Each structure stands twice: as C-alpha cells, then as structure tokens.
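Asker: Those protein sequence lines, which keep their order, are chains A and B.
Everything in the first sequence is counted per this note's numbering, starting at 1 for the first residue and increasing by one.
Everything in the second sequence is counted per this note's numbering, starting at 1 for the first residue and increasing by one.
None of these hints come from the bench; they were simulated from the model.
Keep in mind the model is a prediction, meaning the values are calculated, not measured.
One or more of the hints may lead you astray.
For chains that are exact copies, the list does not tell them apart, and a pair is met inside one copy or across any two.
Subject to a maximum C-alpha distance of 25 Å in a straight line, what follows is the list of computed SDA-like cross-link-like pairs (lysine to any residue) [stated by the list, open to error]:
{"#": "1", "residue 1": "K222", "residue 2": "A147"}
{"#": "2", "residue 1": "K319", "residue 2": "P232"}
{"#": "3", "residue 1": "K222", "residue 2": "F280"}
{"#": "4", "residue 1": "K319", "residue 2": "A115"}
{"#": "5", "residue 1": "K319", "residue 2": "I227"}
{"#": "6", "residue 1": "K114", "residue 2": "L86"}
{"#": "7", "residue 1": "K114", "residue 2": "L314"}
{"#": "8", "residue 1": "K114", "residue 2": "Q103"}
{"#": "9", "residue 1": "K222", "residue 2": "A137"}
{"#": "10", "residue 1": "K222", "residue 2": "S305"}
{"#": "11", "residue 1": "K319", "residue 2": "R228"}
{"#": "12", "residue 1": "K222", "residue 2": "G281"}
{"#": "13", "residue 1": "K319", "residue 2": "G230"}
{"#": "14", "residue 1": "K328", "residue 2": "R47"}
{"#": "15", "residue 1": "K134", "residue 2": "G281"}
{"#": "16", "residue 1": "K222", "residue 2": "I243"}
{"#": "17", "residue 1": "K319", "residue 2": "R231"}
{"#": "18", "residue 1": "K134", "residue 2": "R309"}
{"#": "19", "residue 1": "K114", "residue 2": "D35"}
{"#": "20", "residue 1": "K134", "residue 2": "V257"}
Protein chains: 2
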Amino acid sequence: MASTSIWRNALGIAVFAWVLSYCVGQARRSARADDVLPSWNDGPSRRAILAFLAAVTDRRAPTFVEPSRRIAVFDNDGTLWAEQPLYIQLQFAIDRVQALAAQHPEWRAQEPFKAILAGDRQLLARMSQHDVAKLIAATHAGITTDAFDRAARRWFESAMHPRFGRLYRECVYQPMLELLALLRANGFRTFVVSGGGVDFMRAVAEDVYRVPPAQVIGSSGKTHFEIRDGRPVLTKLPEVSSIDDAQGKPINIHLHVGQRPILAFGNSDGDLQMLQYAAFGEQPHLALLLHHDDARREYAYDRHSPIGRLDRALDVAAKRGWTVVSMKTDWSRVFPRAPGAGRMLELR
Amino acid sequence: MASTSIWRNALGIAVFAWVLSYCVGQARRSARADDVLPSWNDGPSRRAILAFLAAVTDRRAPTFVEPSRRIAVFDNDGTLWAEQPLYIQLQFAIDRVQALAAQHPEWRAQEPFKAILAGDRQLLARMSQHDVAKLIAATHAGITTDAFDRAARRWFESAMHPRFGRLYRECVYQPMLELLALLRANGFRTFVVSGGGVDFMRAVAEDVYRVPPAQVIGSSGKTHFEIRDGRPVLTKLPEVSSIDDAQGKPINIHLHVGQRPILAFGNSDGDLQMLQYAAFGEQPHLALLLHHDDARREYAYDRHSPIGRLDRALDVAAKRGWTVVSMKTDWSRVFPRAPGAGRMLELR
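Chain A with its partners taken away, still in its complex shape (with noise of 0.2 Å):
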C-alpha cells in the first residue's frame, strides 16, 4: 500500500515535472513572440524588457540568473498608477477630512482642515511639507489597522478620478500590467516600492497588481499592540517610522527583500537610489524611467513639477544608459480598456 503511493507519488512528480518544462519553455519562447506586452509599440524600451528577459532567462547564457535572485521592484504613483492632478492618497486623506469632519468640530478653525471643508482645491497645490504631515496623521491614525483597511477598500470602490471619468484604482497603466504579469511569468517577484502610505496601498495593490501583501513596500508609521476588550489590535500611531522615497527606497528594499533587485522601475527623482542600488554589480540588470510626454492621453511632466519631478534622475539615466519609457511612443495604450478592468489575468 505505502509502496503503491509511492510510485503513484513519483509517476505524479515525474509527469508534473515534464509538463513543468514545457510550459515554462514556453513561456520563454512566448516572451520572444509578438503577442506578449500587447500595449507596448516596438522600439527600444520593448526590445531592451524583451531582450533582458532572454538574457536572464536563458540557462545557457552566462547572464542566467537563477529565479530566486529574480526581484523586480516597481515604483507606484506616476509609475503604476497616475499621480496627477493630485497624488492618489492624498484625494484619499482629503476626502477622509470631509467624512470624519462631524467629528472633529475644531477643523473648521485648523489649517489645512479649514481650506479643505471649504473646498478650496487651489490651497493643495500650495500645501506645505508640514500641513501633508498634519493631515496623513490626522487622517490615518488614531485607527486600528483592520477599520483604515475597511476605509480604504471602500474608498477605492466608488472614489473617481476627476479627468479621466474611471475609478482611481482604474487609473493603473495598462502596459504596467502587462509588464508586471510578463516578469512573473518568467519567475520574477515583483515588489511595489511606494512612497505612499504601505497599508493604503495593500488595500488594492492585490487586486490590481496581483501583488500580495509581503510584497508591497512603501512609507509607514510606527503602530502599537495591544489585547483591548479580549482581542488583539494594533493601533496607528501619528510618529512616521518611514519614508519610503529617495534614499529610503533602497534602504526599505534591503530591509524588506534583502537582496539586489535586478530590474527597477521608476518614474521621479524619487526613484533615483533604487534605480542605482538595482543597476549595479555583475548580475545583469535593468533599470527603467518612465517620462510622462503625454498631455493628450495622460499627463506631461517632468523636470518642473511639483508632483512627480523628473529631473536628476533623466540627466543621471542619460549618462548610465538607462531605459527612458516615453509614455507617448512606447505605449500604444494606457488605461485598461474597460472601465472596471482593474482586475486583470496573469499571463498563465
């Protein structure tokens, strides 16, 4: 009997193992093929992810890079997802002002509470460093982690970009997707490195990346545990504990991943450490901007924005030879067709 289970147990791993190689043969071989990054025009970024993938794929070749070194981190706001006119969190933070207001009476005397209840979308533009601290900690802390979950979740269900007439979590780039699901395909992890808030953006980076929880990095703040009426709660505090952005990219990255990534995607000089970190050393690597050139379909921004500047980083990319993306000849989409198409299939 137990030897029968065996067999069965060694036919079963045998015959999986086959069917293994074969598809993943495949899948190599679909990578070269033209119906992969459907939104992607031919040109040099394509071809430079295309031929990357064949390079780090391709047992035979001294650029092999065995899966578990596989590490693919991606940038979010204006890289994943759009960043203009307004950071996505941040509509998130001022809407939650309007909702908890009833609350807080003493916001109708308090900048930036004041100009927000009043509707005065010019002061934003405007807002200190200072003011976003006070109103990231006035609205997400003082919260267990489980009800800022629920909040968020239900905020991404109805909260709608004001240009593009499609939910925010809608606003994710089409070519992204396909990316994304490509790089796991050919047995890459793929890590979201935000500087937005780590438990905002797990309320939807699993649906909408595919990108579970362990996988999402991104700025926090410090939490406190406690057994509160029997049952375990860990509470939002307003103390930062990190910053997810320039300098703390790559340092989150060692903390969280611990190991180089070799592909890196970004978008602002934000992104500049974690793209130098992953483009460097002897494993090949690929380190990729992506230039909002686009005003007609997205955005165009670069060198002078407040939100998203790429400046630093392009002069720097020039020089080493990274991978610059133009939004508005690379990608022959990019929005997912249908609104509500958020969701998406992995390629296998």
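Go by the hints and put chain B onto chain A.
Answerer: Frame of chain A; chain B shown alone:
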C-alpha cells in the same frame, strides 16, 4: 502559426492544471498519512497539526482558508534552532570581537570586550542589556551590508556548537524542518520572525529552512545609502531601528507581511504577542509553543531561564488551549540525522 502556438499553449496549460490538481490532491492525502512529520511521535501535538492542516485545506469545509491567506510565522531561537547555552548570534558577536581585536587596541581596556578577549565565559551570563547592545553595535555596524553578509556566511561555515559536535547551523530541529516543508506543501508561506538580527538570519535561513530572504523578519538597525567610489552601498549604522521581540513581533508582522498569520509557533514569553495576534479572529488558527523539557537530548528550561524564559506564555497557553509541544515526548528525533544535513529537501 500563431493559432498553432495558442493551441499548444492551451494544451500545455490544460495538462499542467490536471497534473497540478492531481499533485495537490496527493499532497493533501499524504498529509493525513503516516509518512509525514516522521520525527513527530503520535500524540496530541502531531494530531493537532494534522487536523488543522486538513481543516484549512479542505475546500468543502467551512474552515477552508484560501492559499493566499495561509501565512505561518515561526520564532527562530529556541523554536527552529537551539538557543542554549547562548544565543547563536551572541556567539557570533563574541567570535567577531576576537577576529576584529587587532584593529581595536582600545578594547583591551573596555568592557565587555576586555572580558571576552580574556575568554571569561562566566561574564557572558551576567552581561547587562547595555553591554549586549554595545557588543552588537561594535560587531554588526560600520560595515556594508554586503560585507556583513559575507562575514556571517563565513562564520556559519565552521562555527561549532560546544556540546553537540555539529555546526551551529546544523543545530536546527528536524521536526521543525519537516513541519515547515509540510506547511509549504499545503500552500502556506512560511516566515521566520526572529528576535535576532535580520541580516544575520538571512545569511543562513534560505539554506537551512528554505525560507527566502524576503520572508525573514528580525531585529534591525538603521542603514545609510550612498554611492562610494562609484558603487551604491548600504552601511550598517549602530542605531537600532526595530527590536523584533514581544509586541515588536506582531508590529513587524503587520509591517512586513501585512496579513494576520493563521499559524504561529514560538517557545518563550517573547513570542506571546505574536501567538495572541495569530490565534484570534473568525478564521481557523493554530498557536503552538515548544517546551524544552529534554535535558538529555537538548536542554530543559522554562519559567526561570535567563535565555528563552517561558513563563507567562505557558499560563496563557493553558488558559487558551494552545498546543504545548513537548520536546521529550512529541519528538522522536531532535536534530537532523547526519551532521552536514543542515540542507534539506522539500517534500515535493
């Protein structure tokens, strides 16, 4: 051509799906068979584990848990490997003092370095928290993360346990290796949540536990990012960033995993909050405590031990009906059979 390739892909995927479901079925059946957890004696602990696995993987049962929610967290020192007579990382720090002494003549006049260099093993037992912090800072900081990783790996290659005649890295518990592998075969992601330093643990966790760096959580210090001589490097600073012990464990699980575990395994009061965090909620869960009651094969210690004190957690376990695993009666074997067997094979 394209349509042939589509059909080939579809066939491959169909066969793949069938074999996958066959193998998963086999794994599930074999989880109930006698050939899993071979180093666990039949008894309430082994039965509780197998019953829990059957409950969360049976798709028709109300206790079914989606694979994406199957998170298991393990303390390290005293749960996955031996922590007596001294935490392994503390022995590493002590050996590093010896190795670095030539570069630090001032240590000959400073405690705790002076006593360590004099080989005073008694002093170590009465070292204050302040001395330990000084020791860790002096031996773990002021070095790049890459250089530290190399130093830790080198140490693990030859550092021997003083009693068991095997490498420290081979002082892992065979029954726990089997449990980790069984959980993964049942769709769990396994995380190590150690009071030890995350950089130290990662140097060995993938080899001995098959846990990738991104699934290792631990205490951590601050790091600094810079481009030095054209190379992007992270340097370890002496400032502590997070102590992954007691309430620090659920806090770090939230930060790094972002999901509530459904299985938690610890062995000391420092693991209490992690077990409380996991052993709660609507979904099924399993909380386990390893009780070191085997002076003959390993060590016997609990309520009054300076290392791995198990006192309050034992009371809570009794009250809450958590599973207390007896090393003496529940385990037929403590360490892997052959020294040198620190590497393990997956179940599949």
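Asker: Are the hints correct? Go through all of them and say.
Answerer: Against the structure, the hints come out as follows:
1. For the homomeric pair K222 and A147, the shortest alpha-carbon distance inside one copy (16 Å) is at most 25 Å, but the shortest distance between copies (30 Å) is not.
2. In this assembly of identical chains, the alpha carbons of K319 and P232 lie at most 25 Å apart only when taken from different copies (16 Å versus 52 Å within one copy).
3. Only between protomers do K222 and F280 lie at most 25 Å apart by alpha-carbon distance; the minimum there is 22 Å, versus 32 Å within a single protomer.
4. In the homo-oligomer, the alpha carbons of K319 and A115 never lie at most 25 Å apart, since the shortest distance is 44 Å inside one protomer and 53 Å across protomers.
5. Taking CA atoms no more than 25 Å apart as the test, K319 paired with I227 passes between copies only; the shortest distance there is 15 Å, against 54 Å inside one copy.
6. In this homomeric assembly, K114 and L86 come within 25 Å of each other (Cα to Cα) only inside a single copy, at 19 Å, whereas the closest approach across copies is 58 Å.
7. For a Cα distance limit of 25 Å, the shortest separation of K114 from L314 qualifies neither inside one copy, at 38 Å, nor across copies, at 52 Å.
8. Taking the shortest Cα distances, K114 and Q103 sit within 25 Å of each other inside one copy (14 Å), while across copies they are farther apart (60 Å).
9. Taking the shortest Cα distances, K222 and A137 sit within 25 Å of each other both inside one copy (11 Å) and across copies (23 Å).
10. In this assembly of identical chains, the alpha carbons of K222 and S305 never lie at most 25 Å apart, being 30 Å within a copy and 31 Å across copies at closest.
11. In the homo-oligomer, the alpha carbons of K319 and R228 lie at most 25 Å apart only across protomers (18 Å), although the nearest pairing inside one protomer, at 56 Å, exceeds that limit.
12. For the identical chains of this complex, K222 and G281 are inter-copy neighbours only, at 23 Å across copies versus 34 Å inside a copy, given an alpha-carbon limit of 25 Å.
13. Proximity of K319 to G230 under the C-alpha cut-off of 25 Å is restricted to the inter-copy arrangement: shortest distance 13 Å between copies versus 59 Å within a copy.
14. Within a single copy, K328 and R47 get their C-alpha atoms as close as 16 Å, which meets the 25 Å cut-off; across copies the closest is 61 Å, which misses it.
15. Taking identical chains as interchangeable, the C-alpha atoms of K134 and G281 are never at most 25 Å apart, the minima being 40 Å within one chain and 33 Å between chains.
16. With identical chains, the CA atoms of K222 and I243 are at most 25 Å apart both within one copy (12 Å) and between copies (13 Å).
17. Proximity of K319 to R231 under the C-alpha cut-off of 25 Å is restricted to the inter-copy arrangement: shortest distance 15 Å between copies versus 55 Å within a copy.
18. Taking identical chains as interchangeable, the C-alpha atoms of K134 and R309 lie at most 25 Å apart only when both belong to the same chain, with a minimum of 23 Å there against 42 Å between chains.
19. In this assembly of identical chains, the alpha carbons of K114 and D35 never lie at most 25 Å apart, being 52 Å within a copy and 67 Å across copies at closest.
20. For the homomeric pair K134 and V257, neither the shortest alpha-carbon distance inside one copy (30 Å) nor that between copies (27 Å) is at most 25 Å.
In summary, the numbered hints that this structure violates are 4, 7, 10, 15, 19, 20.
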